[in-house]
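Undergrad: Sequence:
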Amino acid sequence: MEGAIKFGLWYVYIRWDDLQVVSRIRFVKQAIDGPVPSPLSRFLAGKSMDLSPLVSVHMQDCGVYGDIYRQVVKIPYGETKTYKEIADLVGTGARVVGLAMKRNLTPILVPCHRVVAMNGLGGYTPDISIKQELLELEAQVLKKMKHANKNGI
DNA sequence: CGTGGTACGGTTA
DNA sequence: TAACCGTACCACG
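In this text, residue positions in the first sequence follow full-length UniProt numbering: the first is 1, and each later residue adds one.
Any given hint could turn out to be false.
Stated by the list, open to error - Listed next, the in silico DMTMM-like pairs over lysine to aspartate or glutamate satisfying Cα-Cα at most 20 Å (straight line):
1) K144 - E85
2) K6 - D88
3) K74 - D61
4) K143 - E133
5) K74 - D88
6) K6 - E136
7) K29 - E133
8) K102 - D67
9) K146 - D67
10) K47 - E85
11) K143 - D33
12) K81 - E136
13) K143 - E79
14) K144 - D50
15) K74 - D50
16) K146 - E136
17) K81 - E133
18) K29 - E2
19) K102 - D88
20) K81 - D50
21) K146 - E79
22) K131 - E85
23) K6 - E133
24) K6 - D50
25) K47 - E136
26) K6 - D33
27) K144 - D127
28) K102 - D127
29) K47 - D127
30) K131 - D50
31) K47 - E79
32) K150 - D127
33) K84 - D67
34) K29 - D61
35) K146 - D50
Calculated directly from the structure, the hints in this document are not laboratory data.
Quick caveat, the model's predicted, so the values are computed rather than measured.
Generate coordinates for the entire structure from the input sequences, incorporating the hints supplied.
TA: As C-alpha cells, then:
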C-alpha cells in the first residue's frame, strides 16, 4: 500500500505492506493519492510520539548499516545524538554514520533527523529545513506535554 | 579492478 | 585556519 500526507511545504510519501513493514518513506513536492498509516499521520500532526506498529525494512539489515539504524531508532523522541556518538556505539567512524543516514530509505521511522553534527545540524536530504521542522515539532509536543503534567493531567 | 566522493570528526602544522 | 586521514559503501570507468 502507498500514499502521501502533507507536511509543511512537502508531502511525505510512504509505502508499506500488510505486516506493517515500511519499505520506503520519501519527501516529495507533489501530492500522491492513497492511504497513510494512522500512526504516521498522528505523528506528523504532533498527536503521537510513537510510530508503532510500523517497522522499517532497515531493522533486518546486516552489517554496519543495520547496527547504525538500530541505534538511531533508540534515540528518544525530542532528543538528539551526534554522528560521533552513534559511531562510537557501533564501533565505526562518524562519516560512515552520515552516509548511512543519507542512504536511509525510511526517514522519520528511522529518525535520522535526531542525528546532528557536533558543530551544527549536519545534513538532510532533500532539504535541511525538514530536519528543523521535525525537531521543532518534537520540541513543541514535549513542551505541551510538560505543561499538561504541571496542571495535573 | 581502482578511484573518488560522501548528511563527520580528530590530528597535525 | 587548512590540509589530511580513517571508515563503509557505491557509482563510474
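Undergrad: Are the hints correct? Go through all of them and say.
TA: Okay, the hints, checked on the actual structure:
1. K144 - E85: Measuring from Cα to Cα gives roughly 28 Å; hence the hint is violated.
2. K6 - D88: violated, 36 Å
3. K74 - D61: Answer holds: K74 to D61 is near 16 Å, not above 20 Å.
4. K143 - E133: Between K143 and E133 the Cα gap is close to 15 Å, so the pair holds against 20 Å.
5. K74 - D88: holds, 15 Å
6. K6 - E136: Answer holds: K6 to E136 is near 17 Å, not above 20 Å.
7. K29 - E133: Cα-Cα ~16 Å, so holds.
8. K102 - D67: Holds, because 15 Å separates the two Cα atoms, which is no more than 20 Å.
9. K146 - D67: violated, 33 Å
10. K47 - E85: violated, 29 Å
11. K143 - D33: Given pair K143, D33 is violated - Cα atoms ~33 Å apart, limit 20 Å.
12. K81 - E136: With Cα atoms ~16 Å apart, K81 and E136 stay inside 20 Å; holds.
13. K143 - E79: holds, 13 Å
14. K144 - D50: Since the Cα atoms of K144 and D50 sit roughly 16 Å apart, the hinted pair holds (cutoff 20 Å).
15. K74 - D50: Given that 20 Å is the threshold and the Cα spacing comes to 12 Å, the pair holds.
16. K146 - E136: Holds, at roughly 15 Å.
17. K81 - E133: holds, 17 Å
18. K29 - E2: Between K29 and E2 the Cα gap is close to 16 Å, so the pair holds against 20 Å.
19. K102 - D88: holds, 18 Å
20. K81 - D50: holds, 19 Å
21. K146 - E79: Holds. K146 to E79 sits at ~15 Å (cutoff 20 Å).
22. K131 - E85: Distance of about 19 Å is within 20 Å: holds.
23. K6 - E133: Distance of about 13 Å is within 20 Å: holds.
24. K6 - D50: With Cα atoms ~19 Å apart, K6 and D50 stay inside 20 Å; holds.
25. K47 - E136: Since the Cα atoms of K47 and E136 sit roughly 14 Å apart, the hinted pair holds (cutoff 20 Å).
26. K6 - D33: holds, 11 Å
27. K144 - D127: With a Cα-Cα distance of about 27 Å, the restraint between K144 and D127 is violated, given a limit of 20 Å.
28. K102 - D127: holds, 12 Å
29. K47 - D127: Outside the cut-off at roughly 24 Å; violated.
30. K131 - D50: It holds: about 18 Å lies between the C-alpha atoms, which stays within 20 Å.
31. K47 - E79: Measuring from Cα to Cα gives roughly 17 Å; hence the hint holds.
32. K150 - D127: The hint is violated at about 36 Å.
33. K84 - D67: holds, 14 Å
34. K29 - D61: violated, 29 Å
35. K146 - D50: With Cα atoms ~17 Å apart, K146 and D50 stay inside 20 Å; holds.
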